[in-house]
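Engineer: Combine the two chains into a complex, taking the hints into account.
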Amino acid sequence: MRKTKIFGAISGVGLLILATVFIASDHIDAPAVAGTTTDIADLYAFEGDNPNNTVLIATVQGLLVPGIVTENATFDEDVLVEFNIDNTGDFVEDLVIQAIKRGDSMYFFGPAQPAQTGLSSEVATFADRTAVKISTVDDVQTASNNGMSFFAGPRRDPFFFDFNRFNEVASGSVAPDGFLPPGTASDFFADLNVLAIAVEVPNSMLGSAPTHVGESVGITNLPPAYNVWVSAKRKQ
Amino acid sequence: MKLYNIRFIMFTLCASLLFVQCDDDENGNVIVQETCDDGIQNGDEDGVDCGGSSCEPCVGTLDFSGTYVQEDIAGRPGVNTVFSGADNVKNMFNISVVSDRASFQPTFEETLEDYHDVYGDALMTTIDYETNILGLDAPTFTTVLAQFDALQVAPDGQTTYYDPGTGTVLTGRALPDDVIDVSLTLMFGGTTGTRFDGNNGTPQLTSDGVDSGDRDFTLPFPYLESPIQE
Numbered sequence: 000m001r002k003t004k005i006f007g008a009i010s011g012v013g014l015l016i017l018a019t020v021f022i023a024s025d026h027i028d029a030p031a032v033a034g035t036t037t038d039i040a041d042l043y044a045f046e047g048d049n050p051n052n053t054v055l056i057a058t059v060q061g062l063l064v065p066g067i068v069t070e071n072a073t074f075d076e077d078v079l080v081e082f083n084i085d086n087t088g089d090f091v092e093d094l095v096i097q098a099i100k101r102g103d104s105m106y107f108f109g110p111a112q113p114a115q116t117g118l119s120s121e122v123a124t125f126a127d128r129t130a131v132k133i134s135t136v137d138d139v140q141t142a143s144n145n146g147m148s149f150f151a152g153p154r155r156d157p158f159f160f161d162f163n164r165f166n167e168v169a170s171g172s173v174a175p176d177g178f179l180p181p182g183t184a185s186d187f188f189a190d191l192n193v194l195a196i197a198v199e200v201p202n203s204m205l206g207s208a209p210t211h212v213g214e215s216v217g218i219t220n221l222p223p224a225y226n227v228w229v230s231a232k233r234k235q
Numbered sequence: 000m001k002l003y004n005i006r007f008i009m010f011t012l013c014a015s016l017l018f019v020q021c022d023d024d025e026n027g028n029v030i031v032q033e034t035c036d037d038g039i040q041n042g043d044e045d046g047v048d049c050g051g052s053s054c055e056p057c058v059g060t061l062d063f064s065g066t067y068v069q070e071d072i073a074g075r076p077g078v079n080t081v082f083s084g085a086d087n088v089k090n091m092f093n094i095s096v097v098s099d100r101a102s103f104q105p106t107f108e109e110t111l112e113d114y115h116d117v118y119g120d121a122l123m124t125t126i127d128y129e130t131n132i133l134g135l136d137a138p139t140f141t142t143v144l145a146q147f148d149a150l151q152v153a154p155d156g157q158t159t160y161y162d163p164g165t166g167t168v169l170t171g172r173a174l175p176d177d178v179i180d181v182s183l184t185l186m187f188g189g190t191t192g193t194r195f196d197g198n199n200g201t202p203q204l205t206s207d208g209v210d211s212g213d214r215d216f217t218l219p220f221p222y223l224e225s226p227i228q229e
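Residue numbers (numbering that gives the first Met the number 0), protein chains in the order written: chain R, 0 to 235; chain S, 0 to 229.
One thing to keep in mind: the hints can contain errors.
Straight line, CA to CA, 20 Å or less: simulated DMTMM-like cross-link-like pairs of lysine to aspartate or glutamate [as the list claims (entries may be wrong)]:
no.: 1; chain 1: R; residue 1: 100; chain 2: R; residue 2: 75
no.: 2; chain 1: R; residue 1: 100; chain 2: S; residue 2: 62
no.: 3; chain 1: R; residue 1: 234; chain 2: S; residue 2: 62
no.: 4; chain 1: R; residue 1: 234; chain 2: R; residue 2: 75
no.: 5; chain 1: R; residue 1: 100; chain 2: R; residue 2: 77
no.: 6; chain 1: R; residue 1: 234; chain 2: R; residue 2: 214
Hint data in this document are derived by calculation from the structure and do not stem from the laboratory. Here the structure is a predicted model, which means the values were calculated and not measured.
Isolated chain S (complex conformation) (with noise of 0.2 Å):
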């Protein structure tokens, strides 16, 4: 009964004093600019609808003039980062476009093959890059890896960057998506996906072994978690 009548009076102070924002205190949601489409300036609007404390700007009151230059790029998940091998070389994608990427090709090519060669020596044998799963040679891979570097998203079925369960590859990015052990897959699991799966004696290459752990995938937009508190 208090309860009922403290919220009772706050939810009337905050229609009399046409604040747009009013915190129910009870589960966090927000009354989002109830008074900025009224057609009347009022509360602490700068304008009619606008301005104020709650309000979008005036028009012409904000400033999105000048030009922005690319500093940061990214498409599928790791390819800068684990492809291009020294740090000019990371720059440089950065500030490329996709559709002029041909000069990369051939350090992505060697970079991969760089990461076998660490085992090769390691073993002592030969270890090259065999084709992967999707029947890609190195050439080929390192070339959708360097010419091709952005999400495929399929407006139609499922999205995902590859789904064991259906089979379904590269129609996206999906938040649970373990794109860690695709690549890791593609990079060393060879014709079968199991080159390097850590049986039979070889090094595990193909999982780094986590998975989304405690995350919770399955909130509505905007589809993330809250941020974690200390």
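Just chain R, with the same shape it has in the complex (with noise of 0.2 Å):
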């Protein structure tokens, strides 16, 4: 009865998760980005060393097993991809901070008002430019320019997550199981690499933050905050 419910479970609702490879955070997380060069794995953005600093890095292409492939992971020059900085609350972006790949170097564009907003993009030529050289895996390269900080290249995923174990918890497979404890679980992306591309900012280049957004439904307390988020696009 109870073997029977778990596979009623599983065929109704579960089907339809355990049909998706899961992969969290936004590494591969969509069929049609899956794999390809505009995959964004994460996001990342927090204080610097200098406190008057927010860092902000994107990781891509996810899932780089370490030695030749992870050698052999490029940018794509088509690709661009921005960090997005609304300082007014209406998670409109206000500000970019463009990355894309010429040659062996990335270029930064920004932070600048962007022409547009939206799903289409230019770059932001006539915004402040910096060129740092892509790193490899043994050559770190970094550039500076107008108190801002800039790096592109390979790096260890810093993401942790039992991503087994979350496939079989969500798909009800180990129902009524889950996860599992300390020592036992493992974390599938200990030994794999990215592809990263990190910027420092002085927050004032970024303007003032809004209202945090987690008041308008009650939590309190909250600081000021931006509303951050970065976008991979692809030149048509």
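Structural biologist: Take a look at the structure:
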């Protein structure tokens, strides 16, 4: 009886979920982008070593195994990666910092008000521009300009997650058991690499932050906060 | 003594040939673009301080024209992966704008309840989502996830997804933040955060059991570790 119930759950709700390979956080999140050069893995945003700065890191093209796969991974000249910053609270980007590869370098533009918002972008060539040579596994290159710092290249994936167990938990295949205890659980990403794009920017270049959106749903004592997201856009 | 000589010769050689990138064999540091701002065309530069093997290409030689159209987007970790459910919804989410996501909320709420139903069925009882530690009921929680899917980043003070030590929440995403455990707790932890924590006969749904392991998050810019090598 119980087996039937479990099977019923899996065949009903579960199959729909099981049918898709899950990988969090945004690593190969959807069929249309999985395995392509626009596939975003993760977004990080935090205070820099200099507390007046914010660090923005996007990881892309995740699941690079060490060795030749990592060494051969390259950014795509047709893909524009944009950090979007909403500093008014309407979830429309007021500022963008763009990154795009040309030759052996990553070119950064901004922060600048984009000519247009939304699904389509043009490179903000009117904005401040900085190039940094794309790092390799052995050769780390960074560039600084105007108080900002820039990096692009392969790094160890900082994301940690027992992804295999999550698939089993989400599908119900291990129900009523859930995740495994520390020591038994396994970090799927521990030995994987990813391509990273990192910018450190003075907060003074991002404008003042709006009221935290959490306040609108009753979460109290939240400091003003930008809304930040990353997008990957392909040349048409 | 011998090493010193070799390094002196290398330095002299680099300087004399106006190499702009000289690897220091001892620590891997690189002297970047030393002559790309000296106001003269030298080395293998194509123009004054531009082009060649080391300087930024000369203005006008790079093509940044064209229109670029969104194929992927990410705010908070795991939102599309965990809540969109079906493949076509995931694809649609990736080509949507953050400010126009109201249509995804019902799907997100349905998926949230589906996860609970899987365990309700397995345990032969009814399990529904319970208001979480942030005080968000299912419609509100999934509205926050669907319609406000961006990292909230506070320019002042600690930036963290959630720091149990300080209680600070949703002010950014730092590298060491265990965003999976935070997300699972918000999904399955109920009002106390411990609803399905593996104790008292409950399934462990609030932690995946892994932490950052041997990763080093104390490095200077770009703050990320070197790639794992074979």
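Engineer: It remains to establish, for every hint, whether it holds in the given structure.
Structural biologist: Going down the list of hints, with the structure as the test:
1. 100/R - 75/R: holds (6 Å)
2. 100/R - 62/S: holds (11 Å)
3. 234/R - 62/S: holds (12 Å)
4. 234/R - 75/R: holds (10 Å)
5. 100/R - 77/R: holds (8 Å)
6. 234/R - 214/R: With a Cα-Cα distance of about 38 Å, the restraint between residue 234/R and residue 214/R is violated, given a limit of 20 Å.
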